[in-house]
Amino acid sequence: MSDRAYMSERMRRWRRWTDGPLLVLAVGSLPLLLLELERTQLTTSDQRLLDIVNVTVIVAFSLDYAVELSLAADHPSYIRHEWLNGLIVAASGAAVIPSLAAAGGVRVLRSVPALRAVAAVVRLIAIGGAASREARRIIRRQAASFAIGMAALTWLSAATAFTLTEDVGRDGRIESLTDALWWSAATITTVGYGDITPVTLGGRMAGVVAMIVGISTFAVITARVAAFLVVDDG
Numbered sequence: 024m025s026d027r028a029y030m031s032e033r034m035r036r037w038r039r040w041t042d043g044p045l046l047v048l049a050v051g052s053l054p055l056l057l058l059e060l061e062r063t064q065l066t067t068s069d070q071r072l073l074d075i076v077n078v079t080v081i082v083a084f085s086l087d088y089a090v091e092l093s094l095a096a097d098h099p100s101y102i103r104h105e106w107l108n109g110l111i112v113a114a115s116g117a118a119v120i121p122s123l124a125a126a127g128g129v130r131v132l133r134s135v136p137a138l139r140a141v142a143a144v145v146r147l148i149a150i151g152g153a154a155s156r157e158a159r160r161i162i163r164r165q166a167a168s169f170a171i172g173m174a175a176l177t178w179l180s181a182a183t184a185f186t187l188t189e190d191v192g193r194d195g196r197i198e199s200l201t202d203a204l205w206w207s208a209a210t211i212t213t214v215g216y217g218d219i220t221p222v223t224l225g226g227r228m229a230g231v232v233a234m235i236v237g238i239s240t241f242a243v244i245t246a247r248v249a250a251f252l253v254v255d256d257g
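Each position in the sequence shown, counted from 1, maps to that position plus 23 in my numbering.
Worth flagging that the hints you see were computed from the coordinates, not collected in a lab. These numbers were taken from a predicted model, which means no experiment stands behind them. One or more of the hints may lead you astray.
Pair ranges (Cβ atoms, derived) [as the list claims (entries may be wrong)]: (1) Asp97 x Leu60: 35 to 41 Å; (2) Leu92 x Arg227: 54 to 60 Å; (3) Val222 x Ser31: 34 to 40 Å; (4) Ala175 x Val253: 51 to 57 Å; (5) Trp40 x Leu224: 42 to 48 Å.
The beta-carbon is built from N, C-alpha and C at its ideal position, and this holds for glycine as well.
Construct all of the structure, not just a fragment, from the sequences and the given hints.
Dropping the structure here:
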């Protein structure tokens with residue numbers, strides 16, 4: 024994040040500790056947001072997983088936003104410049120409300136589909152913007168860590184694409200998101216057990232991307248290990 028006038032020394036220390044975990048949470052939750060658009064087709068356990076992700080995101084980013092606001096040297100300036108974080112908190116809250124409604128906590132059932140769709144799109148844009156801002160620093164400093172992070176993101180993204188394009192869900196050819204995650208892990212590691220296979224063009228394209236990223240990731244890791252083991256005797 025840029026060094027702005029509102030940043031105090033305490034805020035800088037706070038960000039040194041929290042930027043990494045928040046980036047992991049943001050990037051990790053990003054692909055799953057798309058599943059909100061197909062929520063009604065998912066199994067109960069998959070819907071519960073999305074609810075857990077929603078609550079985790081809003082708690083983490085709300086806490087971070089509140090702490091940073093309290094540490095800011097200039098509160099109005101912080102709110103103006105860090106509007107992305109505020110947008111994440113607001114959109115995450117909008118995504119949680121339908122979950123409460125389904126449990127009988129809030130009577131907004133008629134607006135649930137539209138509210139979830141809007142919240143998912145807004146969070147996709149906001150979290151994507153915040154994550155890309157921090158990712159540029161990590162790419163420059165740690166190529167291997169970035170490769171592993173990309174592999175993890177591809178694992179979740181491929182599973183999400185598989186769920187959206189294949190017959191996954193209630194009474195589907197494949198039961199749940201858990202099966203899609205298993206397929207994605209087997210594909211990205213190039214193991215390919217073959218117990219679950221995509222039949223649509225979208226699912227197969229996701230598989231191709233997962234295999235390419237998996238091979239590239241292991242190539243980067245192998246190169247780093249080789250560089251570490253090679254001893255320069257000159």
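Now the hints, each set against the structure:
Distance hint check for Asp97 and Leu60: the Cβ-Cβ separation is about 39 Å, which falls inside the suggested range of 35 to 41 Å. Judged by the Cβ atoms, the range 54 to 60 Å given for Leu92 and Arg227 is violated: they are separated by roughly 47 Å. For the pair Val222 and Ser31, the supplied restraint of 34 to 40 Å is violated, since their beta-carbon distance comes to about 56 Å. Separated by about 28 Å at the C-beta atoms, Ala175 and Val253 break the suggested range of 51 to 57 Å.
The hint said 42 to 48 Å for the Cβ distance between Trp40 and Leu224, and at roughly 44 Å that hint holds.
Checked against the numbered hints given earlier, the structure breaks hints 2, 3, 4 and satisfies all the rest.
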